[in-house]
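Based on the sequences and whatever the hints tell you, model everything.
Okay, here's what each chain looks like letter by letter:
Protein chains: 2
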Amino acid sequence: MDISTGIKKLNDSEQLMSVFSHAMSVMHYDGATAAPEMSYIDRSKSLGLLSTYSYDILLNKENKENVRFLMDNRDLLSSSDKKRVELLQEKIDKIEGIPLEEYAEYRALISESEAVWKDSKAKNDFKSFMPYIDKIIDVKKKFAAYFDPDKHPYDFYLNEYERGSDRDFFDNFFETIKARLVPLISEISDCPAPDISFLQGNFPIYKQRRLSEVLMEFLNIDSSRCVLGETEHPFTAHLSRNDCRVTTHYYEDDFTSSFYSVIHECGHALYDMGIKEEYYNTVLGTGTSMGIHESQSRFYENIVGRSLPFCEYILPHLANLFPQFEKITPKEFYKAVNVAEPSLIRIRADELTYSMHILIRYELEKMLFENEISAVDLPELWNNKYREYLGIDVPNDSVGVLQDTHWGGGMFGYFPSYSLGSAYSAQIFHYLNKDLDFSALVSSGDIKPVYEWLRDRIYIFGSEKDPDEIIRICCNEEFNPNYYIDYLENKFRALYNI
Amino acid sequence: MDISTGIKKLNDSEQLMSVFSHAMSVMHYDGATAAPEMSYIDRSKSLGLLSTYSYDILLNKENKENVRFLMDNRDLLSSSDKKRVELLQEKIDKIEGIPLEEYAEYRALISESEAVWKDSKAKNDFKSFMPYIDKIIDVKKKFAAYFDPDKHPYDFYLNEYERGSDRDFFDNFFETIKARLVPLISEISDCPAPDISFLQGNFPIYKQRRLSEVLMEFLNIDSSRCVLGETEHPFTAHLSRNDCRVTTHYYEDDFTSSFYSVIHECGHALYDMGIKEEYYNTVLGTGTSMGIHESQSRFYENIVGRSLPFCEYILPHLANLFPQFEKITPKEFYKAVNVAEPSLIRIRADELTYSMHILIRYELEKMLFENEISAVDLPELWNNKYREYLGIDVPNDSVGVLQDTHWGGGMFGYFPSYSLGSAYSAQIFHYLNKDLDFSALVSSGDIKPVYEWLRDRIYIFGSEKDPDEIIRICCNEEFNPNYYIDYLENKFRALYNI
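One line per chain: the protein sequences are D and W, in this order.
All residue numbers for the first sequence refer to our numbering, where the first residue is 1 and numbers rise by one.
All residue numbers for the second sequence refer to our numbering, where the first residue is 499 and numbers rise by one.
Treat the hints loosely; a few may be bogus.
Unchecked claim - These stretches of chain D come out as covered by chain W in the derived footprint (C-beta under 8 Å, 3 or more residues):
#	region
1	49 to 58
2	222 to 232
3	329 to 340
Because the hints were derived from the structure by calculation, they are not lab data.
Backbone N, C-alpha and C fix where the C-beta goes; we use that ideal spot for every residue, glycine too.
As structure tokens, this is what we get:
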């Protein structure tokens, strides 16, 4: 076989897999946004069967041999084809690395654990969930060892969500955060709180829907390729080349929830839709990592959406829909959407304190994987760290150690990428701001140049470049967490006059 | 092989096919209700590929041999399995009866013809569409001959949409309609028109959405298994066992459009959701024919929804949402939603005149298939018939012979089932009304007994019983179109005091 025949075969099998993933993503999206409750029964059956077909395309002997052949000849391939083949080979190895039976047992454990977690959280009963954490970590350690017995299992999982990262990388990152952020948060906690009373009121959903349209237009979302749906827990899904969906959830008594979640999700969508045309329907046609993806959603949500120039731009639109904003100044609005206050729940945390929630989870996950602690120690440690880093008391485990779904779902090593996204975005912003007059563009409402700057350095590459390469392309230097803290210091010291 | 192994195999292959049809229907539904415009490109590619997989499950050698084996032993099967096997064998024979290449040519012709029709309609240019009609009919005649050279091709296609029907059946049906309905319509055309001014106004869509909920509750739609979506041209889709979708289109200046289309589509949904549990995911798990399906949508839309008791029930709900109805009496509302007036456009026709539109199309299709005329003769004949039967002049072909999409899409023999549905529903209603106090049930808002009557005689059977058997089960006699005209005579003579 020659290389070009091999690439042709690869294209065919990736095209075929993309059809199944297309169908499955539409079913997932429909299930989360439109489908009636009871539809889940047949949907989960159908999804199971379709994924069997999809795996068979990847794992059948001919495809595996072809990928192997290309892998052995990868130095003869173009750089993007080389990356494709490497990623596919890794995918195959990962699936085949775990004995089928053990993987099935693990899926059953997770499925049980998720149900138990839900129940434990509702009943504030950590004890019944506790054994699952230990069991899951045992299995995860065993699985990590199948792939690379010499690598520390937590390093393995950190790298799963953020290619190229490990404990050293994140230790350095979180040490910087801890050293500089804990004192800043404590200082700000002592400041008087700004007025946010004008954010309260009744905001009819049909008006909030109109507001979402205004936001999506501002963000240059191409409405012929991306639409907004409604769901319980907002997410973004890229279903096929010309088909991206962002979702939101409207609350009639709080428009800011959907307001910022639409901006956040649109950041994900812009990334997904900006990838080089020919990478779609291949393994390169997705964002390169959790962290880089999150850097884009948080860039738009916080660096754009919680900036003073944006408040100047959006306020007339808001006042147009909700007359209560007619007398509010951009500065007042800016202050209100940037209230910083230590709180219990990660997903409701503000821009300043968010990473402290992640820091706490990182430290605990690391200790679990390093056998320093086991699940039984979690609640006390959790509560101590919330007191130490955020200065607040955790009244019970439901709003403490039981609040997140991740651990019950087996997702260890995932949390750190959230904070990393914010840190990436601050560093990227620093360099973008050297090339463009960011404030003028945002306040004028024309942020196309911002989008293009990001697209040409991040989006177009899809998964072709690793996260560290993306940072180098954007910043011409390595990742440096100090940009993030500098950004927070500047912003919040000015906001709170300290 | 023994029978029970054969049935097990059949179950497996039908289950597998149902997964593909599930995925494809979700993609179709999503495409029509939620997807962004440009998504069609990848969707049509993916649907094409998934249907190849689905056909392969039906047409692979092993499945065909199994169906053949069961077919040869069908007298040993339960009556429902026997029907399943017969329907599947028929499906296989029909697909394999046409040489693949000719079928591909036909699909290409239709695809071109649909585009040309759209353009011709927009430009009022029948001449450019004309040759396609003749070409399509030639191909359809050839295809019909592949299956049964001794059967007249128009009989073949009538039977395709309504199992058991042919020209004799429909000649008898339409002769009755023509003889009794043409004079009635002419008489009513001379009557003064009732007041419908109070149906005009502005009806905000969020209020119409609430009205749809009221209607679906009245119709006993199980909201955990059926939800309402929004689309351009309303339809109903049954996606899987516990998943049915009705759709509507809201117009801000006319609430009656969505109002009656929701009731109509819910009629389809009730049928689809009432089928015996074990028939789903088999070839028996759909309505038995176009005509019987339409009988249910039209029963709910017209016999229930345009009845005086229903007007009594719904008016307080309407007035609650739209204060302009506070002073309207049920009788006034009843008259306004039953205005009968000859008109040009089939899909906007009222209950009384609707079947005249179908009669005209039936007569023309028959002449085309009997070689009495060809496409060139259509416009003149069309216009003459509209003058003769409905007393109106057709100003141009766009609102005349070019108005419907069906012929350009190769759907000959389809129209008659629309009228047949109305006629079925009148005859079924006659017998239902003997068993139940229909008026009292409807005006009280509790029509569960009506639903159950229909479910036990029609819905549960799915495709197990043919249309004529369904009519016998409901009415204990053969189909008789006079019930339909009797119903229209009684209703409209009373409405117009003639």
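A quick look at each hint next to the structure:
1. 49 to 58: The restraint on the region 49 to 58 of chain D holds, since 3 of its residues have a Cβ under 8 Å from chain W and three suffice.
2. 222 to 232: Holds, because 6 residues of the region 222 to 232 of chain D bring their Cβ atoms closer than 8 Å to Cβ atoms of chain W.
3. 329 to 340: violated (count 0)
The structure shown violates just one earlier hint, number 3.
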